[in-house]
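S.K.: Each chain, written out:
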Amino acid sequence: MARYFTDEHEWIDLEGNTATVGITDYAQGQLGDIVFVELPDVGAMVEKGKDAAVVESVKAASDVYAPLSGEVVEVNENLDEDPALVNSSPEEDGWFFKMTVSDKSELEGLMDDKAYKSFCDGL
Amino acid sequence: MSAPNASGWKPGTPVQDHNAMAGPDTVTGNRALMLEEPLIFEIGTTETTGVDLPEPQSGSNRLGGLDRSEKIGLPGLSEPETIRHYTRLSRQNYAIDLGLFPLGSCTMKHNPRLNEKVARMPGFADVHPLQPVDTVRGALEVVNELAHWLIELTAMHGVAMSPKAGAHGELCGILCIRAALEARGDAREVILVPESAHGTNPATAAFAGYRVEDIPANSDGRVDLEALKARLGPDVAGVMITNPNTCGLFERDMKAISDAVHEAGGFVYCDGANFNAIVGKVRPGDLGVDAMHINLHKTFSTPHGGGGPGSGPVVLSEALSPYGPLPFTARTKDGVVHLVEEENAAEFEHTKAFGRMTAFHGQMGMFTRALAYILSHGADGLRQVAEDAVLNANYILRSLEDVLDAPFGHSGPCMHEALFGDKGFAEDVSTLDLAKALIDEGYHPMTMYFPLVVHGAMLVEPTETESKAALDQFIGALRSVAERAKAGDESLKTAPHYAPRRRLDETLAARKPILAWEEPNPPGGAPSMSEQDGR
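So the protein lines, in turn, are chains X and U. For the first sequence, full-length UniProt numbering gives the first residue as 1, with consecutive numbering after it. For the second sequence, full-length UniProt numbering gives the first residue as 1, with consecutive numbering after it.
So that you can see chain X by itself, here it is in the shape it has in the complex (with noise of 0.2 Å):
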């Protein structure tokens, strides 16, 4: 399983065709106490860059764009109960929703985790 980062601080694993999208520690962190995400329908069509999901803090609401393009096959139903799951554990139980991937080679040009980790140093 390839794990990649967006310049938006969103977090993917692919898994065969399957990638799970998320927010990352940093952007959880920036962000502060999250008090509401809202998710996309399974089954909607997401195109990389545009709205996929509402992530609401404290401070604000924030949009999260989609990483790649595809189809939404599942979303984390456990943030509706209990969206602090993405500041406790933003990498790993609070990620956000499940996608087909339709084109690999949008994954060209996101960061790894080493890449991604000199982007957060450098902002």
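In case anyone wonders, no lab produced these hints; they're calculated from the structure. Hints may contain errors.
Only pairs whose alpha carbons sit at most 25 Å apart, straight line, appear in this in silico SDA-like list of lysine to any residue [unchecked claim]:
hint	chain 1	residue 1	chain 2	residue 2
1	X	K48	U	E195
2	U	K493	X	V58
3	X	K48	U	E189
4	X	K114	X	K59
5	X	K59	U	E189
6	X	K59	U	H148
7	U	K486	X	D33
8	U	K352	U	K493
9	X	K59	U	P322
10	X	K114	X	D25
11	U	K512	X	K114
12	U	K164	U	A345
13	X	K48	U	P216
14	X	K50	U	G199
15	U	K486	U	I439
16	X	K59	X	E91
17	U	K512	X	D63
18	U	K333	U	E189
19	U	K512	X	E56
Here the structure of chain X is known, so what remains is to put chain U in place on it, guided by the hints.
M.R.: The following block gives chain U in isolation, referenced to the frame of chain X:
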């Protein structure tokens, strides 16, 4: 700074030592005039009523078996209990009548009492929207006269008076743009919204069915004109620009922006929430604006927030006026002011209206107050309002920029509001902590964490109605808490210390809000209200 009563002397007050002054707990939980107030349900039970109703004259029941079998669940209070409850609550609240209210972009100015006197005249206060037009000529005159002033002050062509508040006005303006585009068979999909715009702007555009795209701000905090021009095209319905913007800056390129947008076939919406900074000085129509809402509850001093309903008339350019909503007022050559509605719209050659924003005609009470304000100031007085509002904000900006980071302090004078960021605060101290400490100093905090382009933003708008002494006292308080934030004063983390309630768990409140009262121990095990409602 010279604080009023600098020595702190008060009649009969012993040495100001908080520890020595801390008295025993009281039986009631009250602390002299600071009263602990229970919920209204805890004062009057649902089993009692505060009203004596006569027994029904007739015993017959005409509800056909549909009469309510469950209790309504409203608390029964007598009149004095009710009045005391709300009066006690109001004493725990902050209000413009109590002190400076620095909430940025909200223009919390004094509400002149002359406005109130005029609005309470029976001919204005007691009218009903369905009254025959012949019986409300005076009220219609007021609406028409106010409309005339708003058009004059903005150099626009028409005005929709009915929208009920700022965001409602935005929607009205965007629906006018949509109607105009559809009328020429040119449906477009995108509204551009710069980062320096009000937060309601993208929400409005999305609500009206448009896709929203951001336009970045330049390093000055203004719209990046080149980025905007590069994005314009046949799919762009228009732009929504807040001017002066939420960084407190005047968008100098407004005319160039409007020209570019018009050339690309789009329209320009201007968010007029910050009109107070330029009223009487700048006419948006001269800058190419097609639609702009005016918050009567900001610029024109009508009560704000809990003090009264908002009112957001929208001024329209010649291109958009034909699509403006019904109803509106129009004066005919004989001097009579008419109410133009669906039945007589053709007579007034207004057949392209996109519809209505409201069932009736708008906020009459606010129209009366706003016109009283405008007439009592006159054109020269309004110009001075803008000048004094800008002067006061710059006084705050320059008085505090040595202690607070002013990210756009280099971008020229600010307009009506001063913007600061949290740069320089001790590591674990946030803008929120500073705001809470400001409550202890007796002030409502400023707007926080907006605009988003500034980290830990603090947006301070004093308005023109504050004296220099009041500004100096506020500056002294803000300087003190800012210095504590930089020094990492731990007591900031637990502020407020002197408010009726200490720091609330805002995260828990947002995550698990309790939105309805629930009977704690329902007698006889009856289901609670929320269970009955399925909530």
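S.K.: It remains to establish, for every hint, whether it holds in the given structure.
M.R.: Hint check results:
The straight-line distance between the Cα atoms of K48 of chain X and E195 of chain U is roughly 22 Å, inside the 25 Å bound, and the hint therefore holds. In summary, the hint linking K493 of chain U to V58 of chain X is supported, as the alpha carbons are separated by about 16 Å, within the 25 Å threshold. A threshold of 25 Å between alpha carbons decides the hint, and for K48 of chain X with E189 of chain U the separation of about 19 Å falls inside it, so the pair holds. A hinted pair counts as satisfied when its Cα atoms are at most 25 Å apart, and K114 of chain X with K59 of chain X does not qualify at roughly 29 Å.
Simply put, K59 of chain X and E189 of chain U have alpha-carbon atoms about 30 Å apart, too far for the 25 Å limit, and the pair is violated. Simply put, K59 of chain X and H148 of chain U have alpha-carbon atoms about 41 Å apart, too far for the 25 Å limit, and the pair is violated. Among the hinted pairs, K486 of chain U with D33 of chain X is consistent with the structure: their alpha-carbon atoms are about 23 Å apart, no more than 25 Å. With a CA separation close to 57 Å, the supplied pair K352 of chain U and K493 of chain U exceeds the 25 Å bound.
Of the pairs offered as hints, the one joining K59 of chain X and P322 of chain U is violated, with about 41 Å between alpha carbons and a cut-off of 25 Å exceeded. Between K114 of chain X and D25 of chain X the alpha-carbon distance is near 14 Å, which keeps this suggested pair within the 25 Å criterion. A distance of roughly 37 Å separates the Cα atoms of K512 of chain U and K114 of chain X; the hinted pair therefore is violated under the 25 Å criterion. Restraint check: the Cα-Cα separation between K164 of chain U and A345 of chain U comes to about 22 Å, which is no more than 25 Å; the hinted pair holds.
Distance hint between K48 of chain X and P216 of chain U is fulfilled; the C-alpha atoms sit about 20 Å from each other, no more than 25 Å. Taking the CA atoms of K50 of chain X and G199 of chain U, the gap is near 19 Å; set against the 25 Å cutoff, the hint holds. With a C-alpha separation of about 18 Å, the suggested pair K486 of chain U and I439 of chain U falls inside the 25 Å cut-off, and the hint holds. Under the criterion of a C-alpha separation no larger than 25 Å, the hint pairing K59 of chain X with E91 of chain X is consistent with the structure, at around 21 Å.
The suggested pairing of K512 of chain U with D63 of chain X holds, with an alpha-carbon distance near 22 Å, which does not exceed 25 Å. Proximity of K333 of chain U to E189 of chain U is assessed by CA-CA distance (about 42 Å); at most 25 Å being required, the pair is judged violated. For a cut-off of 25 Å, the pair hint linking K512 of chain U to E56 of chain X stands: about 14 Å separates their Cα positions.
Of the numbered hints listed earlier, those contradicted by the structure are 4, 5, 6, 8, 9, 11, 18.
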